[in-house]
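There are 2 protein chains.
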Amino acid sequence: MTEHSVFTTLSLFCVIICFYVSKTGSAASSPNIIIMLMDDMGWGDLGVWGQPSKETPHLDAMAAQGMLLPNFYTANPLCSPSRAALLTGRLPVRNGFYTTNAHARNAYTPQEIVGGISKDEILLPEMLKKKGYVSKIVGKWHLGHRPQYLPLKRGFDEWFGSPNCHFGPYNDTKEPNIPVYNNSEMVGRYYEEFQILRETAESNLTQIYLQEALDFILRQTRAQKPFFLYWAPDATHAPVYASKPFRGKSQRGRYGDAVMELDYSVGRILASLKSLGIDNNTFVFFTSDNGAALVSGTEGGSNGPFLCGKETTFEGGMREPAIAWWPGHIKEGSVSFQLSNVMDLYTTSLAIAGISPPDDRVLDGLDLTPVLLNNSLKNRPIFYYRGNELMAVRLGQYKAHYWTWSNSWEQFKTGINFCPGQEVPGVTTHDQMNHTLQPLIFHLGRDPGEKYPISVLTKEYQDVLKTFTPIVQQHQKDLIPGVPQLNMCDRAVMNWAPEGCEKLGKCLKPPESSPWKCFWPH
Amino acid sequence: MTEHSVFTTLSLFCVIICFYVSKTGSAASSPNIIIMLMDDMGWGDLGVWGQPSKETPHLDAMAAQGMLLPNFYTANPLCSPSRAALLTGRLPVRNGFYTTNAHARNAYTPQEIVGGISKDEILLPEMLKKKGYVSKIVGKWHLGHRPQYLPLKRGFDEWFGSPNCHFGPYNDTKEPNIPVYNNSEMVGRYYEEFQILRETAESNLTQIYLQEALDFILRQTRAQKPFFLYWAPDATHAPVYASKPFRGKSQRGRYGDAVMELDYSVGRILASLKSLGIDNNTFVFFTSDNGAALVSGTEGGSNGPFLCGKETTFEGGMREPAIAWWPGHIKEGSVSFQLSNVMDLYTTSLAIAGISPPDDRVLDGLDLTPVLLNNSLKNRPIFYYRGNELMAVRLGQYKAHYWTWSNSWEQFKTGINFCPGQEVPGVTTHDQMNHTLQPLIFHLGRDPGEKYPISVLTKEYQDVLKTFTPIVQQHQKDLIPGVPQLNMCDRAVMNWAPEGCEKLGKCLKPPESSPWKCFWPH
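One line per chain: the protein sequences are F and A, in this order. Our numbering applies: residue -11 is where the first sequence begins, and numbers increase by one. Our numbering applies: residue -11 is where the second sequence begins, and numbers increase by one.
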C-alpha cells in the first residue's frame, strides 16, 4: 500500500466515522417514540398491577426496567375520544370528539358516523414531521373512517390496521364489514380476508400487528430516520382474540389469551430495540385507551381495586395501566405518583423530539419529561369528562364528583351494567345526578374504590371544596368547546367502498344519504 | 513460641473450626423458621399485589428475592380459627376452633370465651422441640387467654404480646383492658402501660414487636440454636395504629401508615438475617390471618380484585398475600400457582426442620417444600369453612359454593356490611342459602371477582360438578369434628387478674361465674 493510498483509506475511514457520529448525534437529539395503546385493557390486567394470574412477564419486566405511573388517566372512558385526546394533546370537549345530542353521553366513531378528527386539530405525527420523524400507526385508528379523516391524511406516513372497531357486523349483507388498510388502500375486511373466528376467539391479527411494528422499526433504524410508532392493537376489545399458539394458554380464559399475546408482542418489540442497539434512543410508553369493559363479562378485563369500568368516570373507567421505558434515561424500577394522562403523551413526545408545542391553542397535556427523567412532581388537576359534561375532578388524593351516573335505568334493565357486582348507593347512580352544589368527595388514597364519600360536615370536606371550587370555575370559564364531531350519523357513509376495493372486487353499493342525529345511550 | 505451643495453638484452632463447622452443619439441617402473620391485611395491600400507592418496598423486595403464592388461603375468614389452623396444621372444624351454637358462624376468642386451644392438639412449637428449636411468639396469640391456654404452656419458650385483640374495652371500668405479656407474666395493659391513642392512631407497639423479634434472632444466632419465630403484630386490625415516625406518611391514611411500619419492620428483620449471615439458613413466610376487614371502612385494607372481605368465604375473605423467602433455596422472583393454605405452614415447617408430622391424626396441611424448592405443583382442594359448615371448595381454577351468606339482614340493617359497594345477586346473600344440590360454580381464572356463576346448563358446569362431588362427599364422610371450643362464654373468665398483676398492682376482681352460650351473629 502506498503512502497515498494509506492516506486515502484513512480519509475514507474518517468520513465514515464522522458521518456515523453525526448521524448518531442527530438521532440522539431526535429519539424514537413508541406509544403502545391497548384497547379496553384495565389497570388490574397486568401482573405488576396485581392480576392474580401473573401472566404478563414482559410487561412486568418493562416496568422493572422503567417507570410505573399508578396515577395515569385517559381523557374519556371510551375509545375514540381517548385516542383523539392522545393525538391532539387536548380534551375531547376541545378537539370536538364529543356529542351534544344529549347530556353527558359517551360518543365514538361507529361506521355510521359522519364526522372525524377536525382538520383544525394538529396531530402528533404532523408536529413530529418538523424534525423529520417518519410515523406509522399499526392497528385501530378510530378518529373517523371517511377518506378525509384517515391516518395518511393526518401526518402518518404508514398505516396498517382498521378505521373502526372489530365488533360487528360479522357479514357483508346489511352493513359492510370493517376494512383493513395497508396505507391508503384497503387490503381486505374483518371476518373475510382477516379472520376472527368468534366461536374459538382465534385470529392472527396481533401477530400481523407485531410484524408490522418490527418491520417498521427495522426499516427506520436502517434508514437512520427518527420514527414515531403508534402501536394500537385491539385484541382485548370484545370479541377478544388470540392466535393459535396463545389460545387456551391463559388461566384467565380468552381475555387472558389476548393479554398474553400482547405481552409477548411487547417483549418482542423491546427486544428488537435492544438487538438493534436503539433502546437508549427510543422512548416507549405503554397504556390503554379506557378502563376494562366490565360490561363484557368474562371477555372483559380487570380494573383492580377501582370502581366500575369503561363508559364511566369512576376510577375503573379512566385510570389506566401506564409504563414508561427508556433505558439510560428513565431510572429502572422507579414509580411516579404524578397525576398524568394520555394528553401528556402529546406534549411529552414533542419535548422529547425537541419540538415546541403549538402556541395558538390550549393544550391539556403536560410535559412529563421532568417526571420521567428526574422524578419531579407537579400539582395539576385531572378532569373527568363524559361527552360534554365535566363529571369529576381529581387534585392530589381528592376527587370530587360533580355529576354521577353509570347508565340509565332503561339501559340497565336490558342487562347493560357498567358496574357489575358493584353498587355504591348515591354514587353508581342510574339517574344523572347533579352534585354541583355539593360534590361527592373521595380520598383516593385511603379509598381507591370510591366507596366512602367524605361527610360534608367535616372540615376536611370544606377545605377540599375550597381548593377545588376556583379550579373548576376557572376551567369552565376558560373552556371553549370545539365543534362537536360526533353528532351526525348516516348509513351512506359506512365502509361500503373504501379506496382499494375495486382491485379486490370488494366494493359495495352505499344506500342513499339519510343523516340523523346519532343516538348515544350511555 | 515453642514447637509444642504452636501445635497446641493449631489444635485449639482446629477445635474451634471443627466446632464451628459442626455447629453450622447442625444448623443447616435445622433451618430457622420465621412465620410473619399479619392481622386483617388483605391480598391487595402490598405494592406487589397491586396496591396503587406502592408503599411496601421491603415486602415487594422480599417477593423479588423469593416466591409469590397468589393462590394461598387461610383456613377461616376470622382471626382465632385461622391462627389455630396455622399452629395445628388442621382445619378449625377438626381442632375445635369453631362453634355449634348456630349454623355457619364465625367464632373467635374474645375475653368472655371459656375455651381455648385443646390440649389434645399438638402445636408447631411443641413439635419443633424434638429438634431443639427455641420458639418465640411476638404479638397476638388469640388461642385462649385463660392460664392453661397461654403460649408458654403450648410449646413456646418466649412470648411478648397479648392474648386477645386490641379493640375495646378502652378503660378498665366494666371490663378489664387486654393485658400485654412478657413470657408468663403480664407487664401492663393496652390503653394503659401500652398506649394506643385512638384519636391519633398512634402506638409504639409495632416498634416494640420489631425489637422483640430482632433481639430474639440475635440471641438465638449467638447461642447457635435453631429457632422458630412466630411474628404476629396486629397494627392493621382496627383500631389501626402506627408509631410517630410513620404517622401521616402514607397516601392511604391511617391504615396505610400501619402497613408502612410493618413493611419497614419486615425489611429490618430480613436485613438482620442477612447481616448475621443466617439468611441462607432461615425460611421466612409472610401472610395474613384473613382477608381485609372491609367492614372497617377506611380503617380496613384492600382485597384487590376479590369479592367481599373478612368474615366471608368469598375470595376476599380467605385469599391471602403470601411470600416465601429463603435465599439460596427458593428461587428469586418465582411465582407458584399451587393452591396452598395456612395449614401447610405447619407441615412445611416440620419438613424443613426434618421432623415427621404426627401420625395419629388427620392433618390438613401439605408439605410445600417441593413447591418452594422445585416449583412443582400438586392438585389438591381448598376447603372454605365458616364455623361448622363447609361453605365452598376450590379445585384448580373452579370454586363451588355449597352455602352462601355474607351476614343476616338483621345485622346488615345495623350498618354491618362485609361486602361494601359489592353486591352480586344470589351470591352475596343475606339469608343462609343452601346450594348443596346445585352449587354456584365460578372459574376463578377468568372471574376472580366471583361475579359470573357458570350456567348449570353448560357441559362445563356438569363436568366440574362431577369432579367436585366425590371430593366433597369423601371429605365430609371422613371428617370427625373436634370438640367445639368456642361455644361457652363467661364474664368471670375475662382478663381480670392475669399472672403478674399483683406486682403491677393491676389485679381486678372478677364477677361471679355465670356462663352462657356465646352469641355469634356472623
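It is worth saying that the hints were derived from the structure and are not from the lab. A virtual CB, placed ideally from N, CA and C, is assigned to each residue, including glycine. There's no promise every hint is true.
Claimed, not checked - Label-pair ranges, simulated between beta-carbon atoms: (1) 232(F) with 426(A): 32 to 42 Å; (2) 448(F) with 322(A): 54 to 64 Å; (3) 183(F) with 447(A): 18 to 28 Å; (4) 17(F) with 322(A): 34 to 44 Å; (5) 255(A) with 52(F): 11 to 21 Å; (6) 465(A) with 183(F): 50 to 60 Å; (7) 445(A) with 183(F): 21 to 31 Å; (8) 451(A) with 366(F): 23 to 33 Å; (9) 207(F) with 444(A): 53 to 63 Å; (10) 425(F) with 263(A): 54 to 64 Å; (11) 210(F) with 202(A): 56 to 66 Å; (12) 425(F) with 499(A): 48 to 58 Å; (13) 426(A) with 158(F): 45 to 55 Å; (14) 364(A) with 463(F): 54 to 64 Å.
For this session: If any of the earlier hints don't hold here, list their numbers in rising order.
Result: 2, 8 and 13
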